[in-house]
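Visitor: Could you build the full structure based on these sequences and the hints that come with them?
Protein sequence lines correspond, in order, to chains A and B.
Counted the way the numbering used here counts, the first sequence spans residues 7 to 354.
Counted the way the numbering used here counts, the second sequence spans residues 7 to 354.
Keep in mind that the hints are not guaranteed to be accurate.
Claimed, not checked - Covered stretches of chain A (chain B as the covering partner; in silico rule of three or more C-beta atoms under 8 Å from a C-beta of chain B): (1) 135 to 147; (2) 166 to 177; (3) 183 to 192.
By construction, these hints were calculated from the structure, which means they are not laboratory data.
We put the beta carbon where it would ideally sit given N, CA and C, even for glycine.
There are 2 protein chains.
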Amino acid sequence: MIRRITMPLRIGKVTIGGTAPIAVQSMTKTNTRDVRATINQIRSLEEHGCEIIRLAVPDEQSADSISTIKKSVSSPLIADVHFDYRIALAAMNAGVDGIRLNPGNIRDDEQMAQIVTAAKESEIPIRIGVNAGSLPSDFEPGLSLAERMVDLAMEQIRFMEDLDFNLIKISLKAFDVLATIQAYQMIADRASYPLHLGITEAGLPRDGAIRSAVGIGVLLYQGIGDTIRVSLSTNPCEEVSAAYEILKSLKLRQRGPTLVCCPSCGRSETDVLKLAQEVDKYLKKIREPIKVAVMGCIVNGPGEAKEADVGIACGKGKGAIFRKGKVVKTVSEENFLLALTKEIEKIV
Amino acid sequence: MIRRITMPLRIGKVTIGGTAPIAVQSMTKTNTRDVRATINQIRSLEEHGCEIIRLAVPDEQSADSISTIKKSVSSPLIADVHFDYRIALAAMNAGVDGIRLNPGNIRDDEQMAQIVTAAKESEIPIRIGVNAGSLPSDFEPGLSLAERMVDLAMEQIRFMEDLDFNLIKISLKAFDVLATIQAYQMIADRASYPLHLGITEAGLPRDGAIRSAVGIGVLLYQGIGDTIRVSLSTNPCEEVSAAYEILKSLKLRQRGPTLVCCPSCGRSETDVLKLAQEVDKYLKKIREPIKVAVMGCIVNGPGEAKEADVGIACGKGKGAIFRKGKVVKTVSEENFLLALTKEIEKIV
Numbered sequence: 007m008i009r010r011i012t013m014p015l016r017i018g019k020v021t022i023g024g025t026a027p028i029a030v031q032s033m034t035k036t037n038t039r040d041v042r043a044t045i046n047q048i049r050s051l052e053e054h055g056c057e058i059i060r061l062a063v064p065d066e067q068s069a070d071s072i073s074t075i076k077k078s079v080s081s082p083l084i085a086d087v088h089f090d091y092r093i094a095l096a097a098m099n100a101g102v103d104g105i106r107l108n109p110g111n112i113r114d115d116e117q118m119a120q121i122v123t124a125a126k127e128s129e130i131p132i133r134i135g136v137n138a139g140s141l142p143s144d145f146e147p148g149l150s151l152a153e154r155m156v157d158l159a160m161e162q163i164r165f166m167e168d169l170d171f172n173l174i175k176i177s178l179k180a181f182d183v184l185a186t187i188q189a190y191q192m193i194a195d196r197a198s199y200p201l202h203l204g205i206t207e208a209g210l211p212r213d214g215a216i217r218s219a220v221g222i223g224v225l226l227y228q229g230i231g232d233t234i235r236v237s238l239s240t241n242p243c244e245e246v247s248a249a250y251e252i253l254k255s256l257k258l259r260q261r262g263p264t265l266v267c268c269p270s271c272g273r274s275e276t277d278v279l280k281l282a283q284e285v286d287k288y289l290k291k292i293r294e295p296i297k298v299a300v301m302g303c304i305v306n307g308p309g310e311a312k313e314a315d316v317g318i319a320c321g322k323g324k325g326a327i328f329r330k331g332k333v334v335k336t337v338s339e340e341n342f343l344l345a346l347t348k349e350i351e352k353i354v
Numbered sequence: 007m008i009r010r011i012t013m014p015l016r017i018g019k020v021t022i023g024g025t026a027p028i029a030v031q032s033m034t035k036t037n038t039r040d041v042r043a044t045i046n047q048i049r050s051l052e053e054h055g056c057e058i059i060r061l062a063v064p065d066e067q068s069a070d071s072i073s074t075i076k077k078s079v080s081s082p083l084i085a086d087v088h089f090d091y092r093i094a095l096a097a098m099n100a101g102v103d104g105i106r107l108n109p110g111n112i113r114d115d116e117q118m119a120q121i122v123t124a125a126k127e128s129e130i131p132i133r134i135g136v137n138a139g140s141l142p143s144d145f146e147p148g149l150s151l152a153e154r155m156v157d158l159a160m161e162q163i164r165f166m167e168d169l170d171f172n173l174i175k176i177s178l179k180a181f182d183v184l185a186t187i188q189a190y191q192m193i194a195d196r197a198s199y200p201l202h203l204g205i206t207e208a209g210l211p212r213d214g215a216i217r218s219a220v221g222i223g224v225l226l227y228q229g230i231g232d233t234i235r236v237s238l239s240t241n242p243c244e245e246v247s248a249a250y251e252i253l254k255s256l257k258l259r260q261r262g263p264t265l266v267c268c269p270s271c272g273r274s275e276t277d278v279l280k281l282a283q284e285v286d287k288y289l290k291k292i293r294e295p296i297k298v299a300v301m302g303c304i305v306n307g308p309g310e311a312k313e314a315d316v317g318i319a320c321g322k323g324k325g326a327i328f329r330k331g332k333v334v335k336t337v338s339e340e341n342f343l344l345a346l347t348k349e350i351e352k353i354v
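Guide: Below, the structure is given as structure tokens:
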């Protein structure tokens, strides 16, 4: 897994691209004009580890509220702007750290030039955020979806480069995972700007997380991608947790504990699924990147549990607690949770 | 995405490998001796689309119950056997369709030869199911985890080939996603037997599904893999649904409806997340592989909804229902769900 090196840029305090850690983004789902609700959601996102936060800015009033919101939060904020170039200008005036434009729906060169000129003066990066759903219908109708998305992004890149602007990030999102992967692969060969990965409208939490994990996972494994957003139809904090799980699975980021747990089977002589849920709930309070194992039998239990910082391998009525590869004690079933959490407390 | 062609074999009525569809497997979590509970769980798994079902067989009584279970279910059954070769022989006597052996814990050549000879006579395939957690500690301690797993599998393959047995499937599972990917890539270059993919002890439903989607998704995208099992610490039917979501996202299988839904944002003027959940619940009853879209605003809504068989793009107080790319009607907010489901009913 060799990461493609891109031209780094800064969004507020966060570096995207180059050799910077792959940043986790999400988007507020509150009405941006509701400053209080939006600040609260941003703070929740920050607590979950979100590093860059995007806000929908559908009107000038929303753009204006950014200056108030910025005073109360520490994360870089990105304004998501469609259709109206004046809103992009207003958001920059309000002090936003980045802009996302959908080149499918601001098609006027003069308007786009005004945005780019203002962004250049204020050194505010722009994401060229192409979306399969809003490709102009008359744009290269004969080509594949991936080619159309890439060509629209390249057209926009050239336009910005002609204005001597290069604080550019690119995304090419579709619901179609294969088309999305293909589009990012193509643009990675044609441009050296940082790439923001995502599968658009991926769905409800479970299916959406799986679609996103496959699409984003394949690209990250190929070394493509500098920042990710998992789009889920749920509380945005779940998007952040899912994003970290993807990054953790490929060892690209660490965050919080990792729970190894066996799926249980007919060999299990204890309710390992219930114990795993209890341990998972307990681990929500822990911030350290420890690895905890809950195993339901002797077949794989001791072996896998040995690789974890702390683990339990449950047999009939009793279990073995491991710590850094060594059996610490044998405990009876009613003490499984207590004994395991006590060992966890010792190392965090 | 070009699939690697492997040597096909049959497990009961299901072909694995070659150009056969990538089969979905799961495992019962009931006590196999509890014949009634096990049959019920197998039937639930079959209803969810599970194509091959594995049962833990920890003792001869469990092996014997297979003959009773087989009479009541139609799926191919695989006996999961560890440590004791006599249990494998008993399971084959009881009419099982396949055996999974962990070469890490049956280390006696004479015992293994007895299993292979019996499998050859009955034409019962054996999965060489290597697991990171049960690699013998004295086996190639200096090599990487992936290399050790591959070498143990290759040793076992050669042993079986020497006995003129080639009804072989291979798995190389670890919790470590990168090591798992690497191991399967290596074995794909060295053997032409079908591969059973999985990430072991992946975790609770959400995190486990994400880890599995990344690991299995990367491999399938590379054309590697003939059958998959998603290991989750929950009801096995959820493993099957997650497996299909992975396969659907890469267009390798179709099953049931697909819900495209926007994650919602500050532009949304309706509770799109609630509507999406209601639609998702409704779709659970539908078996046809239709694509339904629930979009929360005009920016991406009409474009994406147009690609779906049926969709709704929700604006302020009213929404546009699309069907096969054409606007069918505009409906008021209180009729969103009703109008969408009526359109769905027309096409299924």
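Visitor: For every hint, state whether the structure bears it out.
Guide: Hint check results:
no.	hint	in the structure
1	135 to 147	holds (count 5)
2	166 to 177	violated (count 0)
3	183 to 192	holds (count 3)
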